[in-house]
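K.L.:
What follows is the residue order along each chain.
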Amino acid sequence: MSARPDATPPLARLQPALTLLPGSAAWQQWRAATLAQLVTDGLPTPRDDAWKYTNLRLLERRELAPAAARPLAANALEGLPEAQGPRLVYVNGRFHAALSDRSLPDGLVQTSYRDLLDGAPPAAVTSPIDADQRIRQLNACMAADGAHLTLTAGSNPRLPLEIVHLHTGGGAYPRTRLELGANSSLALIEYQLGLGNADSFVAAVTDVVLDAGARLTHTTVQLAGDRTVMIDDAHAVVGRDARYAHRLVALGGQLVRFDLRVDLDGTGAQADLRGVLFADGTREQHIRTLLDHRVSHGTSDQLYRGVAGGRGRGSYDGKVIVRAGAAKTSSRQSSRNLLLSKEASIDTRPQLEINADDVKCAHGATTGTLDENMLFYLLTRGLDRETARALLTYAFVGDVLKSIEPEAVRRAIERRALGRLPAAATIREFIA
Amino acid sequence: MSTTPQDLEELVGQKYRHGFVTDIDSDTVPPGLDEDVIRMISRKKGEPGFLLDWRLKSYRHWQTMREPHWAHLHYKPIDYQAISYYSAPKSNKDGPKSLADVDPKLLATYDKLGVPLHERARLAGVAVDAVFDSVSVATTFKERLSEAGVIFCPFSDAVRDHPALIEQYLGTIVPPGDNFYAALNSAVFTDGSFVYIPKGVRCPMELSTYFRINAANTGQFERTLIIADEGSHVSYLEGCTAPMRDENQLHAAVVELIALDNAKIKYSTVQNWYPGDENGVGGIYNFVTKRGECRGRNSHISWTQVETGSAITWKYPSCVLTGEGSVGEFYSVAVANHYQQADTGTKMIHVGRNTRSTIVSKGISAGHAHNTYRGLVKVLPTAEGARNYTQCDSLLMGDKCGAHTFPYVEVRNQTATVEHEATTSRIGEDQLFYLLQRGLSQEDAVNMIVNGFCKSVFKELPMEFAVEAQNLLAVSLEGSVG
Numbered sequence: 000m001s002a003r004p005d006a007t008p009p010l011a012r013l014q015p016a017l018t019l020l021p022g023s024a025a026w027q028q029w030r031a032a033t034l035a036q037l038v039t040d041g042l043p044t045p046r047d048d049a050w051k052y053t054n055l056r057l058l059e060r061r062e063l064a065p066a067a068a069r070p071l072a073a074n075a076l077e078g079l080p081e082a083q084g085p086r087l088v089y090v091n092g093r094f095h096a097a098l099s100d101r102s103l104p105d106g107l108v109q110t111s112y113r114d115l116l117d118g119a120p121p122a123a124v125t126s127p128i129d130a131d132q133r134i135r136q137l138n139a140c141m142a143a144d145g146a147h148l149t150l151t152a153g154s155n156p157r158l159p160l161e162i163v164h165l166h167t168g169g170g171a172y173p174r175t176r177l178e179l180g181a182n183s184s185l186a187l188i189e190y191q192l193g194l195g196n197a198d199s200f201v202a203a204v205t206d207v208v209l210d211a212g213a214r215l216t217h218t219t220v221q222l223a224g225d226r227t228v229m230i231d232d233a234h235a236v237v238g239r240d241a242r243y244a245h246r247l248v249a250l251g252g253q254l255v256r257f258d259l260r261v262d263l264d265g266t267g268a269q270a271d272l273r274g275v276l277f278a279d280g281t282r283e284q285h286i287r288t289l290l291d292h293r294v295s296h297g298t299s300d301q302l303y304r305g306v307a308g309g310r311g312r313g314s315y316d317g318k319v320i321v322r323a324g325a326a327k328t329s330s331r332q333s334s335r336n337l338l339l340s341k342e343a344s345i346d347t348r349p350q351l352e353i354n355a356d357d358v359k360c361a362h363g364a365t366t367g368t369l370d371e372n373m374l375f376y377l378l379t380r381g382l383d384r385e386t387a388r389a390l391l392t393y394a395f396v397g398d399v400l401k402s403i404e405p406e407a408v409r410r411a412i413e414r415r416a417l418g419r420l421p422a423a424a425t426i427r428e429f430i431a
Numbered sequence: 000m001s002t003t004p005q006d007l008e009e010l011v012g013q014k015y016r017h018g019f020v021t022d023i024d025s026d027t028v029p030p031g032l033d034e035d036v037i038r039m040i041s042r043k044k045g046e047p048g049f050l051l052d053w054r055l056k057s058y059r060h061w062q063t064m065r066e067p068h069w070a071h072l073h074y075k076p077i078d079y080q081a082i083s084y085y086s087a088p089k090s091n092k093d094g095p096k097s098l099a100d101v102d103p104k105l106l107a108t109y110d111k112l113g114v115p116l117h118e119r120a121r122l123a124g125v126a127v128d129a130v131f132d133s134v135s136v137a138t139t140f141k142e143r144l145s146e147a148g149v150i151f152c153p154f155s156d157a158v159r160d161h162p163a164l165i166e167q168y169l170g171t172i173v174p175p176g177d178n179f180y181a182a183l184n185s186a187v188f189t190d191g192s193f194v195y196i197p198k199g200v201r202c203p204m205e206l207s208t209y210f211r212i213n214a215a216n217t218g219q220f221e222r223t224l225i226i227a228d229e230g231s232h233v234s235y236l237e238g239c240t241a242p243m244r245d246e247n248q249l250h251a252a253v254v255e256l257i258a259l260d261n262a263k264i265k266y267s268t269v270q271n272w273y274p275g276d277e278n279g280v281g282g283i284y285n286f287v288t289k290r291g292e293c294r295g296r297n298s299h300i301s302w303t304q305v306e307t308g309s310a311i312t313w314k315y316p317s318c319v320l321t322g323e324g325s326v327g328e329f330y331s332v333a334v335a336n337h338y339q340q341a342d343t344g345t346k347m348i349h350v351g352r353n354t355r356s357t358i359v360s361k362g363i364s365a366g367h368a369h370n371t372y373r374g375l376v377k378v379l380p381t382a383e384g385a386r387n388y389t390q391c392d393s394l395l396m397g398d399k400c401g402a403h404t405f406p407y408v409e410v411r412n413q414t415a416t417v418e419h420e421a422t423t424s425r426i427g428e429d430q431l432f433y434l435l436q437r438g439l440s441q442e443d444a445v446n447m448i449v450n451g452f453c454k455s456v457f458k459e460l461p462m463e464f465a466v467e468a469q470n471l472l473a474v475s476l477e478g479s480v481g
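Keeping their order, the protein sequence lines are chains R and V. The C-terminal residue of the first sequence carries number 431 in numbering that gives the first Met the number 0, and the numbering is unbroken. The C-terminal residue of the second sequence carries number 481 in numbering that gives the first Met the number 0, and the numbering is unbroken.
The set of hints was computed from the structure by calculation and includes no laboratory data. C-beta: ideal position from N, C-alpha, C; glycine also. Among the clues, some could well be false.
[Unchecked claim] Computed spacing ranges between beta-carbons, pair by pair:
hint	chain 1	residue 1	chain 2	residue 2	range
1	R	48	V	428	32 to 38 angstroms
2	V	357	R	106	34 to 40 angstroms
3	V	74	R	323	55 to 61 angstroms
4	R	394	V	176	44 to 50 angstroms
5	V	428	R	129	50 to 56 angstroms
6	V	435	R	329	54 to 60 angstroms
7	V	441	R	281	55 to 61 angstroms
8	R	418	V	357	49 to 55 angstroms
9	R	341	V	74	42 to 48 angstroms
10	V	427	R	129	33 to 39 angstroms
11	R	418	V	198	41 to 47 angstroms
12	R	28	V	55	50 to 56 angstroms
13	V	78	R	394	57 to 63 angstroms
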């Protein structure tokens with residue numbers, strides 16, 4: 000073996016970091032065994048079907064060990080929209096009390112993932128749902144902290160809860176779990192924010208459980224730094240007549256993948272997923288969704304928009320599974336993608352796997368460039384070409400952006416998205 | 000929708016029409032595969048040295064390959080050493096010289112199958128090459144075709160008579176190492192059809208090959224090569240049947256199409272291999288590699304398939320659109336009933352400027368069957384202005400079956416426009432009610448709806464086949480609505 004440090008597989012380099020993590024002997028034992036297995040299996044590659052469009056080659060030379068604590072400037076959160084409710088801040092995966100506002104509303108109980116580390120590793124953490132969830136396993140190995148929140152049955156806090164994940168470089172393994180009691184409802188806004196321009200690796204896991212009749216609007220705003228590789232893995236289990244809505248706005252990062260799995264576990268469960276990815280420059284943005292209709296009368300609706308410019312790459316890989324017996328399922332999936340430059344590319348794979356007959360499932364996917372007729376129309380109205388293109392691009396993602404709530408956050412996100420387009424100032428006049 | 004269980008059983012019990020065995024003396028090599036078997040096949044066929052080398056190279060490569068398992072299919076592992084790789088009717092040592100020399104039993108077989116081998120062929124205007132187990136037994140209308148300059152003959156004749164063409168084109172579209180089954184086929188293929196349409200010729204009649212597996216424990220590995228020279232036009236039909244047997248038989252074919260400037264190839268398949276019985280016992284494993292290259296400017300390749308047979312179907316007829324302005328089309332109806340499994344679709348690879356492709360796929364699942372559409376549309380950076388439209392619809396009949404759609408869309412050029420649409424549903428109660436209320440029986444109503452569902456594909460089939468396909472569909476699905 001050569002002596003170069005990068006000749007060691009990146010996961011193997013993590014081994015020394017394990018001993019620094021808090022936790023019982025049982026945890027340490029499980030971690031060591033799991034990491035050893037991960038080292039043997041290696042990182043996922045495009046040869047793995049689920050990772051066909053995501054190449055993690057970048058990680059070969061990246062430091063994955065959890066970042067050491069570092070003092071933060073008071074204005075660290077400046078880049079975010081104004082707080083709409085209580086805010087919990089995690090810096091490189093660890094809770095940061097000074098930046099957080101812990102005045103949680105009645106009914107919302109916060110504990111810490113750290114509490115779990117004293118006992119034996121629970122099955123919910125150790126057993127992945129799919130055989131191939133190596134990044135989720137990696138997170139379970141390395142996570143040392145995270146928000147564990149429970150909303151009691153029937154509670155209905157007025158203000159949204161915000162969780163901010165701040166990344167300053169190095170590895171980060173945030174872990175969030177949210178359980179909603181029966182008939183409760185909540186809006187959760189998660190920010191993934193990169194600070195500075197250091198090389199980062201983030202493997203985030205968010206687990207959400209909705210009891211019967213619960214409602215959650217979960218918004219993920221991804222503003223990772225330009226040198227960040229991030230895999231964000233979210234999993235929602237939706238109970239009877241519960242409703243899970245997810246909004247994704249992916250604007251940042253170097254290579255970012257958002258993996259969302261939704262299990263419709265009770266009859267009449269609903270999922271409403273919308274997202275937009277914006278891969279400009281040399282960014283790579285990937286979205287993967289898996290919607291599992293396990294029982295009857297489920298409804299799911301997915302609407303994803305992708306924009307790639309420069310040498311950006313994007314992908315949408317969505318699968319809908321309807322299990323045998325999941326009658327009266329209704330499922331829609333739409334993926335539309337816009338290519339703005341010669342070297343941009345977007346891959347899509349909208350998949351249906353249907354094992355019941357009394358269902359209505361449809362999906363549609365398109366990839367193309369801006370419609371010449373629409374462009375022409377705007378040009379005849381006196382717009383220059385660049386502005387017209389930017390305006391149409393903005394309109395293209397509008398369907399998704401306008402579904403973001405509350406309004407203050409939506410406006411802030413819209414401004415952010417606009418800022419990424421040429422002629423932003425001119426367009427702002429049109430849509431103000 | 001209510002059909003009594005008895006009705007269902009009765010109808011599902013419909014026998015596979017082509018499931019007879021022809022008792023014919025055949026020359027079959029013992030099961031097993033090694034280099035000696037390949038040498039023997041090559042020797043039996045009197046092949047030139049380059050072909051034997053090519054076979055051996057393919058075989059050695061095949062040994063390094065692993066069977067693919069990414070498809071949505073479940074089956075017992077195939078024992079490649081338990082298959083006999085060569086079986087030929089023995090009646091005439093040097094092979095039939097003309098139709099008169101063909102064993103009458105064989106002709107009777109084709110009669111039963113409804114292959115218009117004799118006089119009926121003239122009426123139907125179809126030239127037929129019939130492949131029985133591993134060898135081609137008869138080719139009709141040779142003279143009339145050669146007048147037009149068209150070469151249409153068994154593959155082994157082509158190897159003998161036109162070795163230059165074979166050496167130039169064989170394996171250029173589907174190279175031996177392309178995939179596991181293509182490599183196996185390249186090593187052991189025994190016969191098939193060869194078609195060459197010279198420059199500017201419009202083939203005067205439909206060409207057709209009829210494949211039949213007869214002997215037990217054999218696999219069929221045929222290879223078809225069609226070359227359409229500049230400005231030519233050909234329509235080619237392919238049909239397949241096999242006897243009913245309890246064991247699974249392997250069919251691994253390779254089809255290569257080459258269309259040069261302004262040429263058009265229309266390739267239609269009605270695949271009706273034995274699908275196994277209602278408990279999923281027996282049936283053909285159909286692992287087929289079909290690919291065409293639109294090499295010339297404005298060339299056109301169109302695949303139309305009606306897949307009703309086989310226990311397992313693994314088949315992705317593809318188009319590589321290299322020539323500027325070339326067009327690829329794929330129209331498919333795949334029906335899976337009982338325990339059949341189909342994983343089929345297409346690949347459209349856009350390489351040249353202004354290339355266009357259309358995909359229309361209709362999948363019907365009934366009983367315990369699983370039907371998967373798997374398709375790739377890939378637009379390379381060179382394919383300025385490429386255009387694709389894909390539509391896949393699935394119809395489910397019964398709550399034990401499955402319909403799956405796995406499209407891959409990969410776009411590397413911003414001027415391309417790619418659209419994909421898919422729906423999955425069962426027969427609408429309102430449609431059914433409307434037809435019943437007009438006095439149609441349940442079966443007729445379902446047939447009519449299913450035929451309407453498949454219409455956009457059937458209309459692409461040549462007339463004679465369209466009728467056959469409709470009937471086949473009705474037989475395959477009878478009794479599956481309940």
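K.L.:
Quick one: are residue 435 of chain V and residue 329 of chain R within 54 to 60 angstroms, going by C-beta?
P.N.:
violated (25 angstroms)
K.L.:
May I ask you to test the hint 32 to 38 angstroms on the CB atoms belonging to residue 48 of chain R and residue 428 of chain V?
P.N.:
holds (37 angstroms)
K.L.:
Can the suggested window of 42 to 48 angstroms be confirmed for the beta-carbon pair residue 341 of chain R and residue 74 of chain V?
P.N.:
The hint (42 to 48 angstroms, Cβ to Cβ) holds, given that residue 341 of chain R and residue 74 of chain V are roughly 45 angstroms apart.
K.L.:
Within 34 to 40 angstroms or not, the Cβ separation of residue 357 of chain V and residue 106 of chain R?
P.N.:
Violated, at about 56 angstroms.
K.L.:
Note whether the CB distance of residue 78 of chain V and residue 394 of chain R lies within 57 to 63 angstroms or breaks it.
P.N.:
Since residue 78 of chain V and residue 394 of chain R have Cβ atoms about 59 angstroms apart, the given range 57 to 63 angstroms holds.
K.L.:
Between residue 427 of chain V and residue 129 of chain R, does the C-beta distance stay in 33 to 39 angstroms?
P.N.:
holds (35 angstroms)
K.L.:
Do residue 394 of chain R and residue 176 of chain V keep their Cβ atoms within the hinted range of 44 to 50 angstroms?
P.N.:
Given about 48 angstroms between the Cβ atoms, the range holds.
K.L.:
Are residue 418 of chain R and residue 357 of chain V spaced within 49 to 55 angstroms by their CB atoms?
P.N.:
violated (40 angstroms)
K.L.:
Per the hint of 50 to 56 angstroms, is the separation of the Cβ atoms of residue 428 of chain V and residue 129 of chain R within bounds?
P.N.:
violated (36 angstroms)
K.L.:
Can the suggested window of 50 to 56 angstroms be confirmed for the beta-carbon pair residue 28 of chain R and residue 55 of chain V?
P.N.:
Given about 54 angstroms between the Cβ atoms, the range holds.
K.L.:
Within 55 to 61 angstroms: is that where the Cβ-Cβ distance between residue 74 of chain V and residue 323 of chain R falls?
P.N.:
With a Cβ separation near 20 angstroms, residue 74 of chain V and residue 323 of chain R fall outside 55 to 61 angstroms, so the hint is violated.
K.L.:
So the hint says 55 to 61 angstroms: do the beta-carbon atoms of residue 441 of chain V and residue 281 of chain R match that?
P.N.:
holds (60 angstroms)
In summary, the structure is inconsistent with hints 2, 3, 5, 6, 8, 11 from the numbered list given earlier, while agreeing with the others.
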